[in-house]
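Kindly generate the complete structure, drawing on both the sequences and the hints.
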Amino acid sequence: MKLDLRCLQIDLARQKESVAFVKSYADFAAENGYNALILYLENAVRTEDTAFFDPEETYSADEIREIVAYAESKGLDVIPALENLGHLEKFFLYPQLEHLSEITDVEKEGRGFDRFKRGACGCITNPELNKFFDKYIADVCSLFHSKYVHMGLDEPFDLAVCERCKGALAAGKSKSDLFLAHILHTYELCKSLGKTMMMWDDFFEYADIVRDLPRDIVLCNWNYVFVGDEPQGHWTNRIKKDWFRLYDELGFSYLFCVYAHRCSSPYNVDTFTDYAEKYSPVGAIMTTWKRSDSFYQGAYPNIAYAGKKWSGLIQSEGDRVAAYASALGGSEECAKLLLSMNIVECGSVGDMANAAESDYMLKLMYRAALVPALEALRGFQGSLSGQARDVVTDAYDYIYEIYLNLRLQRLAVSIFDDYERKEDMRPCRLKELDEIAAGFEEIRENGAALWERYRSGIKSCRGAFEKKFASYAQKIDRCRKELIKGRRCGVLYVDLMLHDPYPTVHNQIAVKYRGEEENILFTGVLKPSIAQFEIGGCYGYRFAIEEKELESVTFAVWGEGAHYPLHFRYTAQGRKYVADTVEVLSGDVRNAENVLFEDTRFAEMGTDDGIAHFNDIALSAKRHVIRVTFRPLSEVKK
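Using full-length UniProt numbering, you'd call the opening residue of the sequence shown number 1 and step up by one each time.
It is worth saying that the hints were derived from the structure and are not from the lab.
No residue lacks a Cβ here, since even glycine has one placed at the ideal position from N, Cα and C.
Treat each hint with caution, since some may be false.
Said to hold, decoys possible - FRET-style restraints, in silico, Cβ to Cβ:
1. 224 to 573: 43 to 51 angstroms
2. 632 to 368: 36 to 44 angstroms
3. 330 to 104: 52 to 60 angstroms
This is the structure:
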């Protein structure tokens, strides 16, 4: 496949990079078959109207001109990527612009997707929104010569939820109508600037408006996971559609967009390109996002490979290996190793001594496979030099971080097993905890050295780099304190099913000991940690409880999507108790009786219709609650 437009993107909004580094990134793009460089900006450029933007996080107009001129001298079309609806959170941090936000307090309004007080979405019915952004976009675009401008328009999760917008909805407009009107306004703005508009297409899953759009908008379809016969959707219940066939039939130009994997795993580039080859995309974008606690170097082999693949230069497995090796000092052995590893993300809960995900076969296999891979990467760190060594170090740090997370999760399971054991295993557990802590410190030291080399004098955006390692230290400290304390606990087991880990469901578990008041045991997210966006299924969590008999457990679900509990059981004072009765307390709960069976039958709690959630924000706030009582295992009859 040879594509007309081969774009490499850099995220300058979520982490400022030095002008020198951006130039080197442009060099790398040009050397590897790309003919366009996309600068993702949000508010990263200071204009006359926004001179108050923090200079430590943004660029002057002259710096942008310098970057553009240099990249153009390398044969690259330099395309600005901006936002005027979603992803506006950094604009709202400034008092001068906070009035443009859709919500004023993320704790009380909106869908709860953001960590910023005023959220990330602009108010689509506030005329001041377009007034400000039309001018800002025009000013930034004046620094670029490309015929294209990417206008974002992705992920406006809190679209039309304020009182002003509700008034427009009450007057007969739909959210889709408001979204379409905003896109058309943006299109006219781009035309007035002499630009061809690009935009992300993810929210067409919610708002079915693509047939109403001008055909000269270039649609950008991003999908950052394994792509099969058709790309799965991005949001709740993963609306699946053969988008490229539709775009071909409607007459749109479009790009497919992959993710620069942090350790250069090839599955996303390979599978999405395979899908795209059946259709007629005009190009592709290798995207990179949010490197505020990490770096770009680990993705360089993947970036090099994609650029050459889309230039028609990959015709054999040897070409594939050579493309990776070109970013690894010519090491074909290291290239083969990275090409063999398809790494998926791994998450975990914060307090693993009190809440731990149970182990399962996929985790065991993952941990075992990473051990020899990490050992081999350590060898390449020692044998390579210069940038090639930095590439391996960054990839190694990412994989090692996943491995340590998996190992820490396994240790947490061992701690829970110890709650029910008679033998004191604390010395063994503390030794392993020290080894894990030393591993995270090694990653931190590697990262600090890379930061000094590539970002000297630049701060981590919102302290993300420092916060990441502080979070790991906190997890380890909590586990260490629990081990030293040596308490005896009961254990509550909660078995769950989540066939699709995309929904943003939240959970709360409350326990009532016999003769006492109910108290909250856990509030947070209970997803399968190793699955994330790739794999779903049955899994379980354990929670530390007091060595007392439980009268009941209350399990609550809310958020965008549904959750599916299978079973509840617990141990205390040497006895095991299993679910005996279940009562629906509130919300939408179906087949609640299934939690009484210790098998794979499940209850359904919540609403998994993504379009329904898009149209009615109140659905995500609705709580779906059941209460379960227990009886001793010895009293259960067949």
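Hint check:
1. For residue 224 paired with residue 573, a C-beta distance near 48 angstroms keeps the hint of 43 to 51 angstroms intact.
2. Remark: the range hint 36 to 44 angstroms for residue 632 to residue 368 is upheld by a beta-carbon distance near 38 angstroms.
3. One distance hint, 52 to 60 angstroms for the beta-carbon pair residue 330 and residue 104, holds here, with the actual separation near 55 angstroms.
Comparing the model with each numbered hint stated earlier shows that all of them hold.
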